[in-house]
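Engineer: So the chains spell out like this:
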Amino acid sequence: MTPKFKAQAGTFESSDIMVLIEPVAEGSGRQVDISSTVMLQFEEDLKTCINQVLDVMEIENVHLIAKDKGALTPTIKARVETAVKRSLGIQEGTL
Amino acid sequence: MKNALGVEIPEYIDGLGELQPYQGVWNSVLKGDVASQTVPTVLKAQKAHVSKMCDSLEDAIKKSQPFDGMTVSCHHHLRGGDGVLMQAIAILDKMGIKDITLASSSLTSAHDGLVPYVESGMITRIFSSGIRGRLGEIISMGKLKHPAVIHSHGGRVRDIMSGRIKPDLALLAASAADEEGNATGAHGPSAFGSMGYADIDARYAKTVVVVTDNLVEYPCVPPSVRQHFVDYVVTVDSIGDASKIASGTTRITSSPMDLRIARIAATVIEHSGLFKNGMSFQVGAGGASLAVAKFLREDMKRKSIQGSFMIGGVTSYGVDMLEEGLFKAIFDVQSFDAAVSTSVLNNPQHIEITCDQYANPNNCGAMTNKLDVVVLGALEVDVDFNVNVITGSSGEIRGASGGHSDTASGANLSVVVCPSFRGRLPIIMDRVHTVVTPGESVDVIVTERGVCVNPSKPNLAAALKKAGVNVVDIRDLKKEVDSMTGIPAEKKLGDKIVALVEYRDGTIIDVIKNVTNLE
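Residue numbers (full-length UniProt numbering), protein chains in the order written: chain A, 1 to 95; chain B, 1 to 519.
Among the hints, erroneous ones may be present.
Dumping the calculated SDA-like pairs for lysine to any residue here, alpha-carbon to alpha-carbon at most 25 angstroms [claimed, not checked]:
| id | chain 1 | residue 1 | chain 2 | residue 2 |
| --- | --- | --- | --- | --- |
| 1 | A | K47 | B | G486 |
| 2 | B | K479 | A | E43 |
| 3 | A | K47 | B | D482 |
These are computed hints drawn from the structure, not numbers from a lab.
Using the sequences and the hints given, assemble the complete structure.
Structural biologist: The following block contains the structure:
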C-alpha cells in the first residue's frame with residue numbers, strides 16, 4: 001500500500017516518539033530518517049523496529065521521519081502503525 | 001596492576017606520578033596507611049598595618065607572582081553562576097602563563113569557557129570532583145594533556161593536606177569580605193551560604209586572594225575564611241550571576257516516578273532499624289533524593305521522631321525541617337538556595353563546617369562517619385552495587401563524584417535512589433561504566449520496580465520483606481528491565497586514559513577511557 005496523506009503520530013515527550021509520514025511517488029522506495037536521544041545506543045534497533053512495522057503493513061514507498069525521545073519498542077511500533085494508518089486514510093482504531 | 005575491583009591501573013602516569021590501586025573501602029585506615037599531613041604551612045609574616053587591598057583582580061594575580069606550571073585553586077560555591085574563575089584564567093592567559101593545573105572543588109556549567117584553554121594547552125591538568133557540559137566532552141575526547149583527576153569532596157581535602165594538590169594561587173570568591181580578608185558567603189547581594197570548600201585552600205595555598213563584590217566595614221562577620229590566611233583582597237564588579245548562584249527555595253519534584261521512588265525509599269528507612277530518636281540524615285538536592293526528605297518529614301511527624309542532625313548539601317527544605325524541630329542541628333558544607341544563606345547567618349543551630357570536618361577520610365571527626373542514613377542518586381548502578389555518578393551513556397564525563405563515596409562509606413545505611421531506566425537507557429548494568437562509589441559501601445538500591453538489598457545485609461533484607469517492601473534480587477530486576485528496553489549498543493572507546501577516579505583515600509578506583517564517537 002502507498003500512503004496518500006501526510007500524517008503524524010506521537011509527541012515530543014520523553015519516552016515517546018514522534019512519527020511523521022510523507023507520501024512519495026510509486027517506485028521511490030522507503031526513506032526512513034531517524035533522530036533519537038539514544039541514537040548511539042539504539043540506532044540499529046530503531047531502524048529494525050520501524051522497518052518491521054512497514055513490512056507487516058506492506059508499505060514500500062514512503063518518507064518516514066522519526067524523532068525519538070527514548071521510546072520503548074511497543075511505543076515505537078504503535079506510533080508507526082498509527083501514523084501509517086492515518087496516512088492511508090484507515091483511521092479505525094486511531095484517534 | 002589490578003585494583004580490588006579488577007580494574008587495570010597504570011603504576012605511573014606522566015604528569016601525575018605514581019598511582020596506588022584501590023584495595024577496599026577501609027583498607028587504608030585499617031592498615032594505618034594514610035597520607036600524613038606533610039605539607040608545611042606557608043610563611044606569610046608581614047609588617048603591621050600593611051594593606052592587602054589590590055586595585056584589580058589582575059593586580060592581585062600579578063602580586064601572586066604566577067609562573068608556568070602553577071596550580072590555581074578555587075571553590076565551587078558559586079555553582080553555575082561563577083564569574084570569577086573564568087576572569088582569572090583569562091588574565092593568566094593574557095600574561096602568557098602556561099601549563100596550569102586547575103584544582104577547583106568542582107566545575108559546573110559556568111566553566112564551559114575553559115574549553116579553549118584546555119585545547120590550547122594552557123591548562124594541562126584538572127583536579128575536580130565534577131566535570132560537566134562541553135568541558136566534560138572534550139576531556140572525554142582526549143583533549144586535556146594529562147588525565148583529569150576526579151576526587152571526592154573529602155578526598156580533595158586529603159589531596160591538599162598530603163601534597164597531591166599544591167595550590168600556588170587560591171582565588172576565593174566571597175559575597176562579603178573585609179579589608180583583611182575575613183570573608184563569608186552568608187550575606188551580600190551574591191550570597192551563597194556556607195563556604196565550606198574554601199577553607200582548605202585558604203590554609204594551604206601559597207597565595208590566597210579573596211575576591212568579593214561586597215567589601216564590608218571591618219570586621220566581616222561571620223569570618224568563614226579568616227584573615228590570617230589571606231594575602232590579598234580585591235573587589236570586582238560582580239562575582240557572578242546571583243540568580244544562578246542561589247535563588248529562592250528548592251522545590252520538591254512533581255515527577256510521579258521520582259515521588260514513587262522516594263516514597264519507597266522513605267519506607268525502607270522507616271523499617272531499617274535506624275528510624276528512631278537521634279537519627280542523623282543526609283539527602284541530595286535533586287529529584288527523587290530530595291523528595292525522600294518530604295516523605296521522611298511526614299513519617300517523622302507521624303511517629304514523633306526527633307532526629308539529631310542533618311549534613312550536606314543543604315536546601316531550604318532541610319532548613320524547614322530544622323525550624324520545625326525535626327532535627328536539632330544542620331552541619332552545612334554547601335548551601336543550595338538563597339533561603340539557606342539566611343539560616344546560616346541567623347540560626348545558631350545551623351552550623352557552617354569546613355569540608356575537612358565534613359568528609360576528610362584522614363581526620364578523626366568527619367561528619368560523614370557519624371551519619372546514620374544517606375540518600376544518594378546514581379547515573380548507573382550494577383549487580384555488585386557499584387555506583388557511577390560521573391560518566392554518561394556514551395562513556396562521556398558528565399557528572400560529579402561530590403560527597404557520594406564519602407557519605408556512602410560513613411553512613412550506617414546508604415540508600416541509592418534511581419529509576420530502573422531513563423529514556424530507554426537501562427540503569428542496572430553488569431558493571432557500571434565507571435565506579436565512583438564501590439558496592440561495598442552501598443546498602444540498598446531503590447527503584448520504582450523494586451528494592452535491591454546488598455547481599456552483605458541479609459538482616460536488613462529480611463526486615464524490609466517483613467514490612468512489605470518489594471525486595472527483589474538485583475540480577476532479576478536487571479533482566480526484567482533489559483527485556484523492556486533492549487540492550488544498548490557497546491560504547492565506542494579508545495585506549496587513552498582521559499581521567500582517573502580517585503577513591504577518597506587517594507587510591508585509584510577506576511579509569512575513564514576516551515570516547516571515539518563524540519564530536
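Engineer: Does each hint hold? Answer for all of them.
Structural biologist: Hint check:
For the suggested pair K47 (chain A) and G486 (chain B), the alpha carbons sit about 14 angstroms apart, so the restraint of at most 25 angstroms is met. The suggested pairing of K479 (chain B) with E43 (chain A) holds, with an alpha-carbon distance near 21 angstroms, which does not exceed 25 angstroms. For a cut-off of 25 angstroms, the pair hint linking K47 (chain A) to D482 (chain B) stands: about 19 angstroms separates their Cα positions.
In this structure, every one of the numbered hints holds.
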